[in-house]
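Peer 1: Each chain, written out:
2 protein chains.
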Amino acid sequence: MIVRTTLALCAALALLTSNSAMAQPSKNRVVRIAELEIDPAQLDAYKAFLAEEIEASVRLEPGVLSLSAVSIKGSPTRIRILEIYADQAGYEAHLLTPHFLKYKNGTASMVKSLTLLETDPIKLCTKADCG
Amino acid sequence: MIVRTTLALCAALALLTSNSAMAQPSKNRVVRIAELEIDPAQLDAYKAFLAEEIEASVRLEPGVLSLSAVSIKGSPTRIRILEIYADQAGYEAHLLTPHFLKYKNGTASMVKSLTLLETDPIKLCTKADCG
Numbered sequence: 008m009i010v011r012t013t014l015a016l017c018a019a020l021a022l023l024t025s026n027s028a029m030a031q032p033s034k035n036r037v038v039r040i041a042e043l044e045i046d047p048a049q050l051d052a053y054k055a056f057l058a059e060e061i062e063a064s065v066r067l068e069p070g071v072l073s074l075s076a077v078s079i080k081g082s083p084t085r086i087r088i089l090e091i092y093a094d095q096a097g098y099e100a101h102l103l104t105p106h107f108l109k110y111k112n113g114t115a116s117m118v119k120s121l122t123l124l125e126t127d128p129i130k131l132c133t134k135a136d137c138g
Numbered sequence: 008m009i010v011r012t013t014l015a016l017c018a019a020l021a022l023l024t025s026n027s028a029m030a031q032p033s034k035n036r037v038v039r040i041a042e043l044e045i046d047p048a049q050l051d052a053y054k055a056f057l058a059e060e061i062e063a064s065v066r067l068e069p070g071v072l073s074l075s076a077v078s079i080k081g082s083p084t085r086i087r088i089l090e091i092y093a094d095q096a097g098y099e100a101h102l103l104t105p106h107f108l109k110y111k112n113g114t115a116s117m118v119k120s121l122t123l124l125e126t127d128p129i130k131l132c133t134k135a136d137c138g
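As they're listed, the protein sequences go chains Y and U.
The first sequence begins at 8 in our numbering and counts up one residue at a time.
The second sequence begins at 8 in our numbering and counts up one residue at a time.
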């Protein structure tokens, strides 16, 4: 009986926990697309900086909900990053963090071009969230 | 004592649950970017189809990890969708689902252009996952 109650409680708590990180109203979210062209000679170094910055941002910052970086297949120096912040304050706080500044300064000579697209979210769903 | 044990168990299970959905090795993931231009006269109807399809796909399909749809700010008919599938099989299964076919057929006359970009993932992190 205790086991069953425990399992039921766990299921409920697990559901709550798995949704809590991205449960903010989606209307407040800030979603941006970054389109970058990287110096081919420095691509590996750039990707190392980027991966470290993404991992730290999502792990450490409450306001950074998701960062997804890909390169266009066949064009490895063409990078796209989808950035999802809880709100404008979360985005602005991100710009001041040591890990972001390390990335920004460390990659300044590697980035040949950067286009930032602001967006209006339509629907953002992951296994942990749908809002 | 039971309460504390329950809470400890819950914390462990919650952690497992919140990570399990996207815990596949990232090397298998299929990530695509869709870039669409929508008929302005049908934009609201298109967005309703899209939101319904995204919600159902992420909720019902184990192989659909994340779908993020946005429009470019100031250009509401320019839509971008970042699609993250667990693997190729997850992507192919998605194409055969009733909710995807409803979206695809229902919006055929609304989509003025569609560009699908295949990508190579560099780093994909959300609050529920980092791999």
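Hints should not be assumed to be uniformly reliable.
If several chains are the same, the list does not tell them apart, and a pair holds so long as it fits within one copy or across any two.
Claimed, not checked - Computed list of lysine-lysine pairs in BS3-like fashion (alpha-carbon distance at most 25 Å, straight line):
(1) K54 x K80
(2) K119 x K34
(3) K80 x K109
(4) K109 x K119
Simulated from the structure, these hints should not be mistaken for lab results.
Peer 1: Each hint: holds or not?
Peer 2: Hints and how they fare:
Proximity of K54 to K80 under the C-alpha cut-off of 25 Å is restricted to the intra-copy arrangement: shortest distance 15 Å within a copy versus 28 Å between copies. In this homomeric assembly, K119 and K34 never come within 25 Å of each other (Cα to Cα): the closest approach is 33 Å inside a single copy and 27 Å across copies. Proximity of K80 to K109 under the C-alpha cut-off of 25 Å is found in neither arrangement, the shortest distances being 27 Å within a copy and 29 Å between copies. In this assembly of identical chains, the alpha carbons of K109 and K119 lie at most 25 Å apart only when taken from the same copy (18 Å versus 42 Å across copies).
Hints 2 and 3, counting from the list given before, are not met by this structure.
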